[in-house]
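Colleague: Letter by letter, the chains look like this.
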Amino acid sequence: MRFSKMKTNLKAKNGFVIGVAALMTLSAGASAQTPAPAPAASVQTPRASTVSPQGEPEKIHARSSRRASTPPARVTVIADPAVAPQVVTIVHRLSGIKMLRFLLRQGGERDTLYTIDPTAITSDAHASIIAGWALDDGRTIAARLPQAAAEIAFQEFAFSPAELAAQSPGSPMAIRRPMMPPRSQPDLTVITRDGKRVSARYVGLDGLTGLSVLQVTGTALPLIAEAGIRKIVEGQRVQLFAPERTTPAGEEAPGVIYVRVGETDAKVANLASVNSEKQDRLVVRAARLSPGVIGGVACDEAGNTLGIVEAIEGNDARIVSAETIRAAARRVIERQASVPRPLLGVRGEPVDPQSRAALLANGWREDQLPELFEKQIGILLTSVLPGTPAAAAKLRAGDVIVRVNQDEVKSAEEFSTLLCDIGSGEQVQFLIKRPGATAPLRVEVKLAGSFEPFEYRFEMPAFAFPRGWQGLEGLGIETVALTAKVASQLGAQGGLLVVAIQRDSAAAKSGVREGDVIESIDGRLARVGARAFMLARQKKHVVSLVRDREKKQVVVETVE
Amino acid sequence: MNRKECRLTRQEIDQSELNGRLSNQALAHVAGCSACRDFRSERTQLRELVGSLEPVTAPANFEMRLRARITAEQQGNARQPFFAGFALSTPAMAGAALLLASLASAVWFVEQRRNLSTPIASTTKVKETQSPGPNAVPAGPEDKLLAGSVPAGTVTPADNGGNQGSRSLISSNPKVNQTSVVRNTGSKSRDFGVGPAPSIRHSFDSVGQVSLAAPDKPLVLSIQDDHGATRRISLPPVSFGSQRLVDNRFPVTQTSARIW
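These protein sequences, in sequence, are chains A and B. Heads up: the first sequence runs through residues 1 to 560, numbered per my numbering. Heads up: the second sequence runs through residues 1 to 260, numbered per my numbering.
Next comes chain B alone, as it looks inside the complex (with noise of 0.2 Å):
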């Protein structure tokens, strides 16, 4: 058994179905090689494992508990003008008079899109039913969050939940996500549909190989002594085998062989 026809064949194993037939060759390799036999029952067990696994959903008034608790921590801010939900995406455009007609354009665009954009039509469909009639009284202050801060592209962490497509979504379209932004104009309370949400990224390792995340720069302190003079130490992220890191290592010749 060579590396080769390991490495080969655990390709294979890897890009195979679940269940699925491996090649004559694989096939052979396998029944002689101890170590790819037990990689694919490995993988398939595996396999069978995320196969038995529940679909993770969020409950079914996930997004109006989402929207409640924003509007619960805006409550705060009494002032809240015409259009304070999509008018403004970050302070600096906030401030620049001349990116407002491209924001006038996105909110058009905006408006646009909510209606054709189809993965996001359960989020309307959910505002809708929460959103008074055209005849209905006018609206306070947590209805105008509820109708403008939370934006038509956000995606909740309810559609999110392992949803790549979604996800891409948002970065895609951008202009969407400007409408999004709510104006926090003192509370410290963050809105929850600005961005995606922070995504758990799989990687899964090539054959034979276990990654694990490690430091990437070194532990650098200094200390000082009584009588103010400091000295520097470095400590590297990475250290293999017994690595003097500290300077106090006895040398082999004085050990604690004759020490008891």
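One chain only, chain A, in its complex shape (with noise of 0.2 Å):
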């Protein structure tokens, strides 16, 4: 106990000596400790500390230890009770990972990344405000997540009309895919007008509208009910009700985004469909809108809503009407599980006088127009695209679609609706016209299904290889390409970045996890885009990988 040794003598003696003699110790202290450079843990400086494998400095270590001292932005939500009671705001916070995924997804980026800070990869990197509508159950949620793409399972994403086309026809695969619900929840927090904060999970994207759907998994909202909507005229005004920043006076402090729900006059300018019985969009027009009011809430001047605004274009704004927005709602619900779009392949326009010329043009005769514009029921197909169920059916352009199994076919919307009913992966019976045939035609069809195109193209993974070879995403893994440089600030010597990975996969289930860089795989070197990447299909696969800059091997394991 030298410690207390010196304790007692310190006390004991005056403080001249004390000092003389503390001096003296800690010099020759100092002299026998310090010649060597003070150890990993105690210095700063990057330079100084450990040297990764490769003999580079680790300046992740520093750049991440920079990034962690800067406290974070704060998003305040400032509560209105002026605010339509059914608008909650949403904000969606995505790591970087995810925003990769999303630039690989939905902007299509299947290109090497050349840079980025790697702290970015596993922090926050984006926070998405947007509105959604509460309905007036309680507890679903409907909104437009602009980067919902990232956030679904990407065995979700079915063959776009390409692929469909490497397919053999009539492949099961090719036809149907199984839903799974998102892998990981997403960060998402729902805020309602009085500024109570609610906890939601995400339940899945309705691929025909665009939609995402959550669900209150705590307390329930309070019950709003809505009057039914009355007919939507021409020129009857209209409020939009979207998030958007402000600046409330005397609050104004660095860091801080507050974050308000706006609120936008606009009329109804047209009505997408005077045809139909069903009001599946409408166009409203404003003085002025920003691309901020695209998910917006619009609500008439009861408070009732009339939908989401799904598309700006100038002043004016499309909205998909609230009763399309319950019936993706359940469908979504249903499954507990995002919903693709059937995709039967055909592109069409319905059959009415405006038709005429493309009629002609597809081997009507003139002469058999009055007879279908007698009714103006029916889709005329204008192109039906090759590889996709519709030309697997033998269906061609000129058909005219009148009847899906009962029901006829009113509009387009009415088309969109019936099939999305019936869903993707199922069989439905179309009643045909034909341009030479003397009687309809009966064909059968299995629709396939898609997320493209809504609003935005969603990029899939490729799944069409050769015989005997399998992409990653056989596998279950979904990457983006590095450059060395990247991989070797993540500990890599090159490869792949792992962005997803398909639950219950062989990946998932051997170990391989998002955030992983995929060195090599069977031995074979992981340096070009994934989508190119091939595997000769096999039981075993040795993937060696980096996690945490440490080097791994994984043994994924596939099951026939």
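Note that these hints are calculated values from the structure, not bench results. For every residue, glycine included, the Cβ atom is placed at its ideal position computed from N, Cα and C. One thing to keep in mind: the hints can contain errors.
Straight line, CA to CA, 30 Å or less: simulated DSSO-like cross-link-like pairs of lysine-lysine [what the hints assert, rightly or not]: (1) A/540 / A/552; (2) A/509 / A/539; (3) A/231 / A/196; (4) B/217 / A/196; (5) A/485 / B/217; (6) A/552 / A/539; (7) A/509 / A/540; (8) B/4 / A/196; (9) A/375 / A/485.
According to the in silico footprint, chain B covers these stretches of chain A (three or more CB under 8 Å from chain B) [stated by the list, open to error]: (10) 115 to 124; (11) 427 to 437.
Label-pair ranges, simulated between beta-carbon atoms [what the hints assert, rightly or not]: (12) A/253 / B/231: 55 to 65 Å; (13) A/187 / B/49: 19 to 29 Å; (14) A/187 / B/28: 34 to 44 Å; (15) B/50 / A/136: 27 to 37 Å; (16) A/406 / B/43: 21 to 31 Å.
Got two chains here, separate frames each, mind docking them using the hints?
Modeller: Structure follows, in structure tokens:
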């Protein structure tokens, strides 16, 4: 107990002696102890710290500490009782890896990642603030989350027409893929107009409308009984509620983004489908619209919800009707998963006098048109995409689909609704009129599914590979290629950054995680884009990867 | 009901005690304003909930275990010279001969404060129970660490849990903190007593506000195509609505309505 002895001595001696003794001792101690550089744990500068196996300084640690020292910004949502009670504000936060996934899927960025702050990959990188509509059951919320593509499991992506073309017609795999809930719950915060925070989970994306459906998990929202919407007429006043940035007087603070639900006055400009009994979409016009209003909730003057803003063009905003949203929410809730848009593989237009030219161009004679126009029923197919279910069923341009199962097709919107009600992967019977045919034909088609296109173009992982080969998606892995420079910042010599792992896939079961950097598979260096990286179909694959700067080997076993 | 009344009423609700009575004006407002009524009941529930929580305490032997862990991590250090426990606070100070005099003074003050400082009495007491008497056999390196590395002014996590006062003791007495540093000559272990424990920041929003942490800078990255050309992409930290982040949106007129 040298320390105790010293303590006693210090008390006994006078200050001067102590000072001198301490000075001498400290000098001796210092000279004995300090010749070597200070250890890594106590050094702040990266160059003096540990060295990576490749001999490069671990800059990542220094950057990490700098990032951590910066206080995060804050988003503060201000309550406003004047907002319609069914309008909620949703804050959707995404990590860097999810934003990479978003860029990969929605932005189609399949090139190599050249530079990025490595610390941004795992930290919060983006917060999207958007309105949501709390439906009158007190649990369901519909919202147009712009980064929904980053949140759905990638096996939910069905084949694009191009990919379908590569599949053998009639292949069951080409028709339907299992629906899965998201692998990990998105970081979503729902805030009501009176400033209450509500927890909600992401249920899925509706491919037909592009709307995400959330369900409140804790205390239900107050039940908001909305009166039925009367007939919507052109010129009717509409209010669009959408979150916007604001600066409350006297509350300016650095790093704080204040948000309030803004209100924009508009008028119904036109109704999308005058022939239909169902009002699927409508267009409203305002003096000025910003992109921030997309996703906003449109209400009539009585406060009843008309729908959600789907897109804007100039001062016009297109709104998906409340009824359509309810139907979308029902679809997603019933399946508890994302619902792709049924894919038939045709382009067409409703039969009406405006389609005369198209009918004549596709084999119909002038004398046949009055009969078609009499009822104005059916969809004229103007083209059939090769490799799609429509092509497999031998539908062709000029065919008019007049009935879907037992229902007559009265408009384009109704055709969409009918197909959606049937659902992707399901069998449907069309009654078609064909130019030159003496009688209507019955055609059986098995619908495929797609999330593309609604508003965005989703890039789908490639599943079509030569026989005996598969892509990384076959193992349940979605990746972004890295340059050697970025890879070295993550402790790897090159490779592919894992941005998504399919739940219950072979890769997931073997322990591959998002954020891993795959250096090689079966001894082959993984330095090309994942889309082009092909693997022989075999039972075991040895994956060499880097996780948290440590090299690991994982054996991925596939089950036939 | 105007917003000012709501704001004032909520302010009063926030400032009132649990089960405390509000002013007549506020009560009248609450009676007529459902939003404020909800607010009051929510606040009451929250306070009751907080009040019903059990106090969180560390295990009785927490400090012992902490010190034992530090000691165990330091066992690899064969060379532990005299005064190793409190001689140096930072490498820079160790190298600076001109600061040695002030360090010596710091040692003196630490010794004085150790005996005077009330909030650290419990720490000292535990230490004394572990320390041998004056006639004890000279201690080994582990004892040196026990006696010297855990400073008198160090507030252990058990003391620190939610106790702002204890934490401020450290910051208000920098000399005490200086002596708390264990010189580490190669081990990667950390001294848990060097600085204050990471604090959990409680920030209460103003009435009618909900705050969330958000990224503070754009996500900047660049992409290289097959020909070696690079493109820079900067994604804003916060976006509103369906703000265009990627350039692939179809105009309104080219909708999917006619593609099935």
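Colleague: All hints are to be evaluated individually against the structure, with a verdict given for each.
Modeller: So, going through the hints one by one against the coordinates:
1. A/540 / A/552: holds (16 Å)
2. A/509 / A/539: Cα-Cα ~14 Å, so holds.
3. A/231 / A/196: violated (33 Å)
4. B/217 / A/196: It holds: about 27 Å lies between the C-alpha atoms, which stays within 30 Å.
5. A/485 / B/217: Holds, at roughly 22 Å.
6. A/552 / A/539: OK: residue 552 of chain A and residue 539 of chain A at ~20 Å, within 30 Å.
7. A/509 / A/540: holds (13 Å)
8. B/4 / A/196: holds (19 Å)
9. A/375 / A/485: violated (65 Å)
10. 115 to 124: With 6 residues close enough to chain B, the hint holds.
11. 427 to 437: Answer violated; 0 residues pass the 8 Å Cβ test.
12. A/253 / B/231: 55 to 65 Å: violated (35 Å)
13. A/187 / B/49: 19 to 29 Å: The hinted range 19 to 29 Å holds for residue 187 of chain A and residue 49 of chain B, with Cβ atoms some 25 Å apart.
14. A/187 / B/28: 34 to 44 Å: holds (41 Å)
15. B/50 / A/136: 27 to 37 Å: holds (34 Å)
16. A/406 / B/43: 21 to 31 Å: Check failed, 57 Å falls outside 21 to 31 Å.
Checked against the numbered hints given earlier, the structure breaks hints 3, 9, 11, 12, 16 and satisfies all the rest.
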